[in-house]
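Position chain V against the provided structure of chain X, taking the given hints into account.
For the protein sequence lines, the chains are X and V, in the order given. For the first sequence, our numbering gives the first residue as 26, with consecutive numbering after it. For the second sequence, our numbering gives the first residue as 8, with consecutive numbering after it.
Chain X side only, calculated, beta carbon under 7 Å to chain V, not exhaustive:
id : residue
1  : 91
2  : 125
3  : 281
4  : 282
5  : 314
6  : 317
7  : 318
8  : 321
9  : 415
10 : 428
11 : 529
12 : 530
Hints were generated in silico from the structure; no laboratory data involved. Yeah, the Cβ is synthetic: ideal placement off N, Cα and C, and Gly gets one too.
Letter by letter, the chains look like this.
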Amino acid sequence: MDAPKVRITMALAGNPNAGKTTLFNKLTGARQHVGNYPGITVDYKEGHFERGGREILLTDLPGTYSLTAYSVEELVARDYLVNEKPQVVINIVDASNLERNLYLTCQFLELGVPMIIALNMIDVAKDRGIEVNAGQLEALLGVPVVPIIARSGFGTDALIDRAVAVAEDKRIWQPLDISYGEDLDGTVMTLMAEIHRQSFLTDTYPSRFTAIKYLEHDDQIMARGRVVDQAVAARVEAQADLVSDHLRKTMGVFPEAIIADHRYGFIKSIIRQGVQTRTFDTDRLYASDKIDKVVTDRLLGPLIMLAVLFGLYQFTFSWSELPVHWLDSLFGWLSGLIDGALPEGLFKSMIISGAVHGVGGVLGFVPLIMFMFFGIAILEDSGYLARVAFMMDRIFRIFGLHGSSVMPFIISGGIAGGCAVPGVLATRTLRSPKERLATLLTVPFMNCGAKLPVLALLIGAFFSEDKARYMFLFTVVSWLVALLSAKLFRSTVLKGDPTPFVMELPPYRLPTLPGLLIHTWERTWQYIKKAGTVILGISILLWAMMTFPRLSPDQVAVFDQQRLNLETQHHANTETASQERKSIDDAQAEEALRNSMAGTLGTAMEPVSRYAGFDWRTNIALIGGFAAKEVIVSTLGTAYSMGKVESRESAPLATRLQQDPHWNRWVAIAALIFIMFYSPCLVTVICIAREASWKWAVFSMLYNTVFAFILATACYQMPRLLSLI
Amino acid sequence: MRFKQFNHACSCLAGKFRQCMGDRPAGEVAPLSKIGRRGRKRICKITGDRKLCARMAALGFHAGEEVEVLCQEADARCILKIQGGTVSLDKTASRNIFVESLE
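So here's chain X without its partners, still in its complex pose (with noise of 0.2 Å):
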């Protein structure tokens, strides 16, 4: 029997954008996105990997600059690593930025945690001109440095080495005492003698370090002392202030700015001793420096943007269209092809209305939505996304929002082909509840991957002639409407101030061609797994209530009579004989489809929803919305092709709608306008739950559901009124 592996537990942390996803990546082979702006991961993530015989599990933590209780990934990073207490922490330093990286690594040795400095993008850092000395720096610092290129995992190797090699080290490692100034350093040590006569939260944090962060005012330590000792946590809180006050009164400061001024001091006394040498000037200005200049300037910057997302449209659009009707045709054929050969029945039925025309529905957007992420990726990776949310920020201010806000916003379709759920889920990065509530409200109103092939089928029915400017147009009514409504909650509901805005954007990258690749396909992999899954299973269920209770043989036998009589009449297999069967034929699936658990609730609707123009089968279809959007699609094709089996019937959808008499330009609008703004999905309604609470779920359900049905009334009204219907 072999001997249990040896386990070591290793976590990457770093400042957002130093790479710790990319080394992730290549050390575990997970395919998880690396976003190219600060906020897309607040949870850790975790991955395994196997080296020399030992079994190695490896936490990717958020990106942070600090260790404080500014945002969420900071606690989230630090709580990581005072419970969790990994063997090792591998520190990911961009070498092209060091003075600022090195920040957050003088907090780890503060904490005093075992630590390896990853000394990445040398590679960057050596077109800038900038040498770094690893082999001083680990003198001075005292931890081990080696230097990698993540992208092209060069040094990864001899990384893991020295990191296993920390790890299986007894050495006992002791927190970094750094000299903040006469004034703080005695009250730290007065601090630290109160804490550690009494044990104060001794067991999770060094004393220094929870001193420190005591005169830094950090709210989830001091919240945390207050419960572990009321009495004592006065005391120190006292101290604390005593000297904050006194520091306000004579320097004008707070004290966390006075540590925050000594670590960098700190640091630089590190660099200057040799770590770091430049070829070029400190104060050169660098390619992406003056991209900035150009593409931020506040009148060329928005300009340039709208120009960036309107061409991104077209290239989606116009390059997709060729293999969107390649895979129509390809599901037309497949539904003749079974249709041949299976037998008239149920099953037939079943797997041509529900699996083939509902998955299929689905499936043949796949091109559209993959050129869709294509683009986000290529915008993503080249760091141009960050400019956008910091264009985007004055705007956002108007309607009560966050500049952060935007984040979530485009990650759940503001630049239509996210997803609602990931989106709700960024909403963590923001500080204010009220403005993340508002947030959180208001992110399912974007365009998602989801909706897109609803507006793709519509839009391409009804307004084929310049289907990316009538996109572009529905994508500008989703932010309108979005940050209407955002601003309706801030001045209602969510009533607050707003909190300052500070974002590092990242430097303009070249974006490698596999990155891309890989970054297209997850996500539309993501999409088709679930038309495979989700929705091939709510496709066959709402397949089943369109089905059941079939019509009565009383009721079959009307329409048997009808067609004897229609054969005892012309005697003959005539033109005009051949459309009078096929109009019974569809009398009857019509009936039958009514007739149906789905066509019963669709009906009961139809004296509310012939309002905004939809019919019982458009109401079906927009029951399966509530489930999941991609339903929608799949669902109106299983309605309108019920009982139309044969191949020569199987036209594509759109076609179907354009010749259906309850459709028309109106109704495509209108149903457009519910299908974007209605109840958000299922997935969603739970995430927010998760994230708000049940009550702000269902708030979202009522409010959005009756907000775009009378938004879609209107639309569909209001030519009605002016005679344009």
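Same frame as chain X, now just chain V:
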């Protein structure tokens, strides 16, 4: 005498123009939101609430630090280079960072 009057009038006009453009002469301390022009500045003071000051300090914003303003909107947000990184600031943060022009 006439030349002096003309010179004075020109100075006043230049001052008014600078004021209108939000442009400050070198050495004058003003909030980042009012500094008006791109270029190198030195941080003199950071005001605002404790959370903002702490955040700015962690990002390397402290008195004496030099920054390069890359993009600036009148009385609004800006993008600047500090400690080797590029940071975007909103109106609140820009109004609380006092700088002097070095150019």
